[in-house]
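For the protein sequence lines, the chains are A and B, in the order given.
Here the first sequence stands for residues 1 to 330, numbered as in full-length UniProt numbering.
Here the second sequence stands for residues 1 to 264, numbered as in full-length UniProt numbering.
Note that these hints are calculated values from the structure, not bench results.
Hints may be right or wrong, so weigh each one.
[Unchecked claim] Only pairs whose alpha carbons sit at most 27 angstroms apart, straight line, appear in this in silico DSSO-like list of lysine-lysine:
hint	chain 1	residue 1	chain 2	residue 2
1	A	Lys106	B	Lys204
2	B	Lys2	A	Lys176
3	A	Lys135	B	Lys15
[As the list claims (entries may be wrong)] Have a look at the derived ranges for each label pair, beta carbon to beta carbon:
hint	chain 1	residue 1	chain 2	residue 2	range
4	B	Arg249	A	Glu33	32 to 40 angstroms
5	A	Arg82	B	Asn250	36 to 44 angstroms
6	A	Ala189	B	Leu12	36 to 44 angstroms
7	B	Lys102	A	Leu310	21 to 29 angstroms
8	B	Leu5	A	Glu132	14 to 22 angstroms
Every residue, glycine too, gets a C-beta built ideally from N, C-alpha and C.
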Amino acid sequence: MNVIEAEDLTKVYRRYIKPEGIKGSLKGLFRREYEEKAAVSHVDLCVEEGEFVGMIGRNGAGKTTLVKMLTGIIAPTNGSIRVLGYYPNKLEKRFRQQYALVMGQKSQLFFELTAGDTLHLFKEMYHLSEKEYEKNRDYFIELFGIKDLMDVQVRTLSLGERMKMELLAALLHNPKILFLDEPTIGLDAVAGMQIRKYLKEVNRERKTTILLTSHYMEDIKSLCGRSVVINHGTKVYDGSTEQLFERYQNNKKITLVFDSLTEIEIPEAFAGKCRILDDNGYKKVYEIPKEDSGGILEYFMRYKPRDISLDEEEIGKVVERIYSDVRVRA
Amino acid sequence: MKKYLEVAKVYLKVKLMWRADLIFGFISIVMKIIFASLLWGVIFRDKETVAGFMQNSMMAYYLLSAFFTQIDISEKISGDITLGIRNGTFTKYMAVPMDTDKYFLAMEAGSILPHIVLDVAAIFLIGLVFGIKIDITSDVAIILCALLIAFLGLLFMAQLSYFLGILTFRFEEISTFLMIKQNIMALITGSIIPLALLPEMVVKCMQILPFYYTAYLPSMLLIGRNGEEAVGGMFVMLGWNLGIWLLSRNVYSRYRVKYDGAGI
Numbered sequence: 001m002n003v004i005e006a007e008d009l010t011k012v013y014r015r016y017i018k019p020e021g022i023k024g025s026l027k028g029l030f031r032r033e034y035e036e037k038a039a040v041s042h043v044d045l046c047v048e049e050g051e052f053v054g055m056i057g058r059n060g061a062g063k064t065t066l067v068k069m070l071t072g073i074i075a076p077t078n079g080s081i082r083v084l085g086y087y088p089n090k091l092e093k094r095f096r097q098q099y100a101l102v103m104g105q106k107s108q109l110f111f112e113l114t115a116g117d118t119l120h121l122f123k124e125m126y127h128l129s130e131k132e133y134e135k136n137r138d139y140f141i142e143l144f145g146i147k148d149l150m151d152v153q154v155r156t157l158s159l160g161e162r163m164k165m166e167l168l169a170a171l172l173h174n175p176k177i178l179f180l181d182e183p184t185i186g187l188d189a190v191a192g193m194q195i196r197k198y199l200k201e202v203n204r205e206r207k208t209t210i211l212l213t214s215h216y217m218e219d220i221k222s223l224c225g226r227s228v229v230i231n232h233g234t235k236v237y238d239g240s241t242e243q244l245f246e247r248y249q250n251n252k253k254i255t256l257v258f259d260s261l262t263e264i265e266i267p268e269a270f271a272g273k274c275r276i277l278d279d280n281g282y283k284k285v286y287e288i289p290k291e292d293s294g295g296i297l298e299y300f301m302r303y304k305p306r307d308i309s310l311d312e313e314e315i316g317k318v319v320e321r322i323y324s325d326v327r328v329r330a
Numbered sequence: 001m002k003k004y005l006e007v008a009k010v011y012l013k014v015k016l017m018w019r020a021d022l023i024f025g026f027i028s029i030v031m032k033i034i035f036a037s038l039l040w041g042v043i044f045r046d047k048e049t050v051a052g053f054m055q056n057s058m059m060a061y062y063l064l065s066a067f068f069t070q071i072d073i074s075e076k077i078s079g080d081i082t083l084g085i086r087n088g089t090f091t092k093y094m095a096v097p098m099d100t101d102k103y104f105l106a107m108e109a110g111s112i113l114p115h116i117v118l119d120v121a122a123i124f125l126i127g128l129v130f131g132i133k134i135d136i137t138s139d140v141a142i143i144l145c146a147l148l149i150a151f152l153g154l155l156f157m158a159q160l161s162y163f164l165g166i167l168t169f170r171f172e173e174i175s176t177f178l179m180i181k182q183n184i185m186a187l188i189t190g191s192i193i194p195l196a197l198l199p200e201m202v203v204k205c206m207q208i209l210p211f212y213y214t215a216y217l218p219s220m221l222l223i224g225r226n227g228e229e230a231v232g233g234m235f236v237m238l239g240w241n242l243g244i245w246l247l248s249r250n251v252y253s254r255y256r257v258k259y260d261g262a263g264i
């Protein structure tokens, strides 16, 4: 069953074009020129119950605008949209009762109080019985390992701890859909990994449909069976995450750190494939096609680096590649 | 209803977190009373009455109107809403199953409670220490009317602040509206001088406006004056409350859907 059905969804923003300087400001008092910008353009999207969908795109691609339309915060300019059978922007309470929204850079919690105080409010807000409240709260406290943090003022929590609290507050009423907008932004590797683990568990155990937007490859790769790529407001890919990365994530980034000044000669076999991104003698960063990464890594080991890291290609490049591919095919 | 009660409780808890804020709030009202006592003491040194007020009545009026003005902290509502809409945090009120207007009214109720307790305590304390006698009417019906009008006044002010706040959906910048409200308030609430000192014609005009009933009329009723205006005052305030509620609902539903929220 589809819990989200959107067809030809478009959101056009109108923005004021202000000429530079005082003269421009004065002119703007009498006459203003506006331009229209399509933040989301003709997007079709269907999400089935229990799916974990990732939305990828660069800053300003339209991911957050799409989430805002799906949650009813803003109205679409055109197109049809049904979420859990409701038109979101009507903001019916019965609809808002059934989903949760977590935005990485915005908080639902009261910073001066403890998370427990906010949870009491959420209990009443979502009409949870004492039994249901305690059951859900204890389940997530156990899952997130945050028992000791429940009586601590939210503003004294670390970003990772706060995000766990945000998730706990959002999941307390067992929402049918969880919208996550950049939930791991600013988190360190360990905290990010923990959040991913919990989200996976929530999706699997509670069958919660999750729609996630993220800049981080790792979030999408490890969590979402399906990915939707948005570029300039348009959907450029909608399908299996595995196939997406298999096809478009072509390169790996290798970083080598040495104790002394080191010169590396790239062998003939990799010449033309291996691109130097940074080199200060002690630290070298290379970009290499992923099928050659094993071979060149073996070669680099001869130089006895102190540290090596192998990273995925940035999400922006993958999106750009998909976009170019789509344009060429079009 | 229970969820709004919980909102009020949360904001009460937030207020109680800031101990210094509460202490300085208490000190400020104490200082205000002492200053007023000295000032009116000087004015009444050579006179028995000023504009028909004895010194005790004048002090009672001053303290009561200061109390009603001080406990109105509704301005925060407009501030929170306008900031929320402009930086995108208003989404947190839209994405939860609550009416935003009721949420902010509950927030006001929770935030106001510590102020009421501290202000009443300050008035009693100063009255005891400095022997300031406050003449209050003994007519229970008038006292109840005054308290009801004061409550409706607070409710109106909270609703007005909410209304001005949501105008951000339409105008984005509302500081001019807030400034105009401030200026009108300062004169019409009688917090600067008792309105009885103004020409009758001016007072008659002011009686149409709700601000007359937020601090001035409840204070006058409590010191045993203007009793004939009590019942009318209640109806006027009920009307204003209903009017602003309908207007806010209409503005919210109309402009919320037009709001872009671009870039937030």
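Would you say the C-beta atoms of Arg82 (chain A) and Asn250 (chain B) sit inside 36 to 44 angstroms of each other?
27 angstroms, violated
So the hint says 36 to 44 angstroms: do the beta-carbon atoms of Ala189 (chain A) and Leu12 (chain B) match that?
40 angstroms, holds
With a cut-off of 27 angstroms on the C-alpha distance, tell me whether Lys135 (chain A) and Lys15 (chain B) pass.
Judged against 27 angstroms, a Cα distance of about 30 angstroms means the pair is violated.
Pair hint Lys106 (chain A) and Lys204 (chain B), alpha-carbon separation not exceeding 27 angstroms:
The hint is violated at about 49 angstroms.
Against the 27 angstroms threshold, does the CA-CA distance of Lys2 (chain B) and Lys176 (chain A) hold or violate the hint?
24 angstroms, holds
For the hint 32 to 40 angstroms, verify it against the beta carbon of Arg249 (chain B) and that of Glu33 (chain A).
34 angstroms, holds
Does the hinted range 21 to 29 angstroms hold for Lys102 (chain B) and Leu310 (chain A) at CB?
54 angstroms, violated
Evaluate the given range 14 to 22 angstroms for the C-beta pair formed by Leu5 (chain B) and Glu132 (chain A).
19 angstroms, holds
In terms of the numbered hints stated before, the structure departs from hints 1, 3, 5, 7, listed from lowest to highest.
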